[in-house]
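Engineer: Going down the list, the sequences are from chains D and W. The opening position of the first sequence corresponds to residue 1 in the numbering used here, with each subsequent residue numbered one higher. The opening position of the second sequence corresponds to residue 1 in the numbering used here, with each subsequent residue numbered one higher.
It should be emphasised that the hints constitute simulated quantities derived from the structure, not laboratory data. You may find that some hints are simply not true.
One side only, chain W facing chain D, incomplete, derived with CB under 7 Å [stated by the list, open to error]:
| no. | residue |
| --- | --- |
| 1 | D205 |
| 2 | G236 |
| 3 | D245 |
| 4 | R364 |
| 5 | A366 |
| 6 | N373 |
| 7 | A377 |
In silico lysine-lysine, BS3-like type, Cα no more than 27 Å apart, as pairs [stated by the list, open to error]:
| no. | chain 1 | residue 1 | chain 2 | residue 2 |
| --- | --- | --- | --- | --- |
| 8 | W | K189 | D | K398 |
| 9 | W | K227 | W | K181 |
| 10 | W | K189 | D | K213 |
| 11 | W | K159 | W | K351 |
| 12 | W | K227 | W | K189 |
| 13 | W | K53 | W | K225 |
| 14 | D | K398 | W | K227 |
| 15 | W | K53 | D | K213 |
| 16 | W | K189 | W | K351 |
| 17 | D | K80 | D | K398 |
| 18 | W | K159 | W | K225 |
| 19 | W | K61 | W | K159 |
| 20 | W | K189 | W | K225 |
| 21 | D | K213 | W | K227 |
| 22 | W | K181 | W | K159 |
| 23 | W | K351 | W | K167 |
| 24 | W | K189 | D | K143 |
| 25 | W | K300 | W | K61 |
Note that the structure is a prediction, hence the values are computed from the model and not measured. Glycine is no exception: its CB is placed at the ideal position from the N, C-alpha and C atoms.
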Amino acid sequence: MADLTTSIDVGTAARLTTADGKPLKAALASAESHARRRAFLLVAPLLAFVLFTFVMPIGQMLHQSVYNPGFTIHEDVISKQQTPIMVNLRDWFGANPAGTEPDEAAFAALAADFLVLDDLRAAGSAGTRVNYDLSGARSLFTKTVRNADDLEPPYRQAILDVDDDWADPELWAAMRGASTAYTVNFYLAAIDLTRDVNGEIASVPENRSLYVKLFVRTLILSLLITFLTFLLAFPVAHLLATLPLRYSNLLMIFVLLPFWTSLLVRTTSWIVMLQSQGMVNDVLVAGGVLDDGNRIQMMYNQTGTIIAMTHILLPFMILPLYSVMRTIRPVYVRAARSLGATSWTAFRRIYFPQTVPGIGAGALLVFILAVGYYITPALVGGADGQLISNLIAFHMTKSLNWSLAAALASILLGGILLLYWLYDRLIGIDNLKLG
Amino acid sequence: MARNTPSTTRPGPIWENEMKLKTILMTTALAGVAFGAQAQEVTVMSWGGAYTKSQVEAYQKPFTAETGIAVNSVDSDNPAIPIKAQVEAGNVTVDVAVVELADAIRLCDEGLLVEIDATTLPDAPDGTPATEDFLPGTLTDCMVGTDVFSTVFVYDNSKLTGDAAPKTIADFFDPEGFPGKRGMRKTAKANLEMALMADGVAPADVYDMLETEEGVDRAFAMFDKIKADIIWWEAGAQPPQLLGDGEVQMTTAYNGRIFDATVSEGQPFQIVWDGQVYEFEGMVIPRGAPNMDNALEFIKFATSTGPQAAASEWISYGPPRQSSSAIVGVYQGDGTTEMAPNLPTSEVNLKLALSSSFEFWADREAELNERLNAWLAQ
Numbered sequence: 001m002a003d004l005t006t007s008i009d010v011g012t013a014a015r016l017t018t019a020d021g022k023p024l025k026a027a028l029a030s031a032e033s034h035a036r037r038r039a040f041l042l043v044a045p046l047l048a049f050v051l052f053t054f055v056m057p058i059g060q061m062l063h064q065s066v067y068n069p070g071f072t073i074h075e076d077v078i079s080k081q082q083t084p085i086m087v088n089l090r091d092w093f094g095a096n097p098a099g100t101e102p103d104e105a106a107f108a109a110l111a112a113d114f115l116v117l118d119d120l121r122a123a124g125s126a127g128t129r130v131n132y133d134l135s136g137a138r139s140l141f142t143k144t145v146r147n148a149d150d151l152e153p154p155y156r157q158a159i160l161d162v163d164d165d166w167a168d169p170e171l172w173a174a175m176r177g178a179s180t181a182y183t184v185n186f187y188l189a190a191i192d193l194t195r196d197v198n199g200e201i202a203s204v205p206e207n208r209s210l211y212v213k214l215f216v217r218t219l220i221l222s223l224l225i226t227f228l229t230f231l232l233a234f235p236v237a238h239l240l241a242t243l244p245l246r247y248s249n250l251l252m253i254f255v256l257l258p259f260w261t262s263l264l265v266r267t268t269s270w271i272v273m274l275q276s277q278g279m280v281n282d283v284l285v286a287g288g289v290l291d292d293g294n295r296i297q298m299m300y301n302q303t304g305t306i307i308a309m310t311h312i313l314l315p316f317m318i319l320p321l322y323s324v325m326r327t328i329r330p331v332y333v334r335a336a337r338s339l340g341a342t343s344w345t346a347f348r349r350i351y352f353p354q355t356v357p358g359i360g361a362g363a364l365l366v367f368i369l370a371v372g373y374y375i376t377p378a379l380v381g382g383a384d385g386q387l388i389s390n391l392i393a394f395h396m397t398k399s400l401n402w403s404l405a406a407a408l409a410s411i412l413l414g415g416i417l418l419l420y421w422l423y424d425r426l427i428g429i430d431n432l433k434l435g
Numbered sequence: 001m002a003r004n005t006p007s008t009t010r011p012g013p014i015w016e017n018e019m020k021l022k023t024i025l026m027t028t029a030l031a032g033v034a035f036g037a038q039a040q041e042v043t044v045m046s047w048g049g050a051y052t053k054s055q056v057e058a059y060q061k062p063f064t065a066e067t068g069i070a071v072n073s074v075d076s077d078n079p080a081i082p083i084k085a086q087v088e089a090g091n092v093t094v095d096v097a098v099v100e101l102a103d104a105i106r107l108c109d110e111g112l113l114v115e116i117d118a119t120t121l122p123d124a125p126d127g128t129p130a131t132e133d134f135l136p137g138t139l140t141d142c143m144v145g146t147d148v149f150s151t152v153f154v155y156d157n158s159k160l161t162g163d164a165a166p167k168t169i170a171d172f173f174d175p176e177g178f179p180g181k182r183g184m185r186k187t188a189k190a191n192l193e194m195a196l197m198a199d200g201v202a203p204a205d206v207y208d209m210l211e212t213e214e215g216v217d218r219a220f221a222m223f224d225k226i227k228a229d230i231i232w233w234e235a236g237a238q239p240p241q242l243l244g245d246g247e248v249q250m251t252t253a254y255n256g257r258i259f260d261a262t263v264s265e266g267q268p269f270q271i272v273w274d275g276q277v278y279e280f281e282g283m284v285i286p287r288g289a290p291n292m293d294n295a296l297e298f299i300k301f302a303t304s305t306g307p308q309a310a311a312s313e314w315i316s317y318g319p320p321r322q323s324s325s326a327i328v329g330v331y332q333g334d335g336t337t338e339m340a341p342n343l344p345t346s347e348v349n350l351k352l353a354l355s356s357s358f359e360f361w362a363d364r365e366a367e368l369n370e371r372l373n374a375w376l377a378q
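Just need the whole structure built from these sequences, with the hints factored in.
Structural biologist: Okay, structure coming up:
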């Protein structure tokens, strides 16, 4: 449309009018903006829906991963009134650099803040925020705040009398870390880093470093599962696309039936099949292949996770492949063969390249679903088959450290976007074809 | 929670003024209602199903019979959530709610519950004061314990018999003496305590020891012994399934699930109570409850020796009162199964038992789970 308006010579356009005497250019513009408004109204419900259910929650999650006001603001559960807390201590932190030995002024500030926590009944929530960085801080806070009224100067001694853990430099470092609502500490924790007593970044002890390992495992398992679904789906999709309709329809039912079955049912069915007292092992033992004492452990480990997830995600690979293969005309391969190509060459150079858009779509679908998979690894994963999503769920529902869960989820999201960008650069997102 | 009166000019707790106002309003409103009929009632919120049934039979019916106060029984998936919402909205319709210990402490810390003075609870029939009759930990500032459930370990006694059958928690961590797969819940909670008890640590010292690095190392050293044999479960329905399928020789489990599997499905499961880790639920009163006096009276009645024992005849949760455990009869569901051997709180089952520490896990669950997961990923 833009081409149309610009191509009209300006001088002529001024003279051209519609039947009721309006300049043609103005009439066109008004008709166009009318159409645009109508089009916008049509998509407005979807836009609003996407904004409210997709963009906003993700934005909120990203925000939560760098923002936690647990140690700075208390919100009353009844009145929703917000009160700043730990004001005196935060002032002291502001006046003294990291690593300063807490003096009497620091403890006096702490004692004054305890009185406020006691009034607001906020000791539990403030302590919980520090507890994210230093286990044991929560009960230290509740215990000390319970005695807040009895604290007399000199405050250092009074507070240490309640519990001498208050002298721990790590506690002061954790409180300093929590004293600003905006922080990158949750991202540090999500990649197995922490801050030492001087505020410097350091790695967590070996026996607690976990997340990087799980991110890597999630990535590797997801790639492996994507590759396996591709291997299994390619011949099936080809068969579906080339068989006569009455056979391919029947085959299609076999693909769709499990697709329509509940995820939990499929997962538990795999447990029944693969567990060491399960059907597969029973058959192998009955057939004399295996000794009864040496049944294969295929469930509650990585093998179980890979098998169950590959099966569950298989339709997401078959369907895009099938829809692309249906559109490939057999004449190309026949032409190649008639020009002397072997069947392998014809497949490699003529048929396969035409299926790439389907492979891309299927692989992207399967991979993205696999990195976020939760319930299957939880049920069949055992010790070495769990993924990062299981830890995100743990922090969402058990430890209630939503900021860490959000940081982990954001890293996962960032990783996927990075892979998507790579995919776009290497293969091109325009080549993606879902049907 | 002993709170001294504020010595400075700090404002008093927010609810005090509100309470006064509410009392005046309430009295005025009640005076109007009471003019018509002296309807005495109390509303109790519980979890539904067999659990509510046990409380209706054991607490509510006898309470109404004795006092004439009608009990409205309502259910929720987790009563802690609606009562929190009600108190926050200032529109409380529930007088008594049954909640888990962790929720009771959290709501109490947030100032949403009425504090209950444990010394006013009725004594045991032999005169033991309530504070000594209740198991340690089952009385908190705002909650009176009503039932105890437990994480135990269990084996199939049709397969393991005689000397092959495990008898103590140490046997669970002994792969040479008792070979085979073991089911464990994929969490640090309860497993660490069991590992230390298996290593000979007295229950009273378990949490002190777990607060130290060496104590945690010691528990993980016990896990190391059986690492290759552990099958990790996640949902409470899994252990009876794993054991029934012969997938594991023994597994940790919640005692209620095992009781159901043995009594209702006739599975040959045998619980080993040695080294059990128990937790509890209890009754609380939300602030602003419409029938505060009746609520307190109901709690005193329901948590007295007789009703506590009666409830355990309907469900395999143990009474927190030691005087109740002694007089529990048969399961009312079939009329034949003796309940005492099936309850976490029976004296014979409490020989080596530990009360799960809420404080400890609120402090350390995240850290220790990270450690467990890092250990699993090694």
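Engineer: Would you mind marking each hint as holding or not holding in the structure?
Structural biologist: Each hint, compared with the structure:
Because the beta carbon of W:D205 sits about 18 Å from the nearest beta carbon in chain D, more than 7 Å, this interface hint is broken. Taken as an interface hint, W:G236 does not check out: its beta carbon lies about 13 Å from the nearest beta carbon of chain D, beyond 7 Å. Hint on W:D245 holds. Least Cβ distance to chain D is approximately 5 Å, under the 7 Å limit. Contact between W:R364 and chain D, as hinted, is supported at the beta carbon level, the nearest pair being about 5 Å apart and thus within 7 Å.
With a least beta-carbon distance of about 4 Å to chain D, the hint placing W:A366 at the interface is held under the 7 Å criterion. Given the 7 Å rule on beta carbons, the hint for W:N373 holds: about 5 Å separates it from the nearest Cβ of chain D. Hint on W:A377 holds. Least Cβ distance to chain D is approximately 5 Å, under the 7 Å limit. For the suggested pair W:K189 and D:K398, the alpha carbons sit about 12 Å apart, so the restraint of at most 27 Å is met.
Straight-line distance between C-alpha atoms of W:K227 and W:K181 comes to about 10 Å, which keeps the hinted pair within the 27 Å bound. This hinted pair checks out: W:K189 and D:K213 have alpha carbons roughly 23 Å apart, not beyond 27 Å. Proximity of W:K159 to W:K351 is assessed by CA-CA distance (about 26 Å); at most 27 Å being required, the pair is judged to hold. For the hint linking W:K227 to W:K189, the alpha-carbon distance of about 17 Å falls within 27 Å, and the restraint holds.
Distance hint between W:K53 and W:K225 is unfulfilled; the C-alpha atoms sit about 43 Å from each other, more than 27 Å. As the CA atoms of D:K398 and W:K227 are separated by approximately 24 Å, the hinted pair is consistent with the 27 Å bound. Of the pairs offered as hints, the one joining W:K53 and D:K213 is violated, with about 48 Å between alpha carbons and a cut-off of 27 Å exceeded. Taking the CA atoms of W:K189 and W:K351, the gap is about 21 Å. The hint holds against a cut of 27 Å.
With a C-alpha separation of about 25 Å, the suggested pair D:K80 and D:K398 falls inside the 27 Å cut-off, and the hint holds. Of the pairs offered as hints, the one joining W:K159 and W:K225 holds, with about 23 Å between alpha carbons and a cut-off of 27 Å not exceeded. At most 27 Å may separate the alpha-carbon atoms for a hinted pair to count; W:K61 and W:K159 exceed this at roughly 43 Å. Straight-line distance between C-alpha atoms of W:K189 and W:K225 comes to about 18 Å, which keeps the hinted pair within the 27 Å bound.
Restraint check for D:K213 and W:K227: satisfied, since their Cα atoms lie roughly 19 Å apart, inside the 27 Å limit. With a C-alpha separation of about 13 Å, the suggested pairing of W:K181 with W:K159 holds against the 27 Å cut-off. Distance check on the hinted pair: W:K351 and W:K167 sit about 13 Å apart at the alpha-carbon level, within 27 Å; holds. Taking the CA atoms of W:K189 and D:K143, the gap is near 22 Å; set against the 27 Å cutoff, the hint holds.
With a C-alpha separation of about 15 Å, the suggested pair W:K300 and W:K61 falls inside the 27 Å cut-off, and the hint holds.
Hints 1, 2, 13, 15 and 19 from the list above are not met by this structure, while the remaining hints are.
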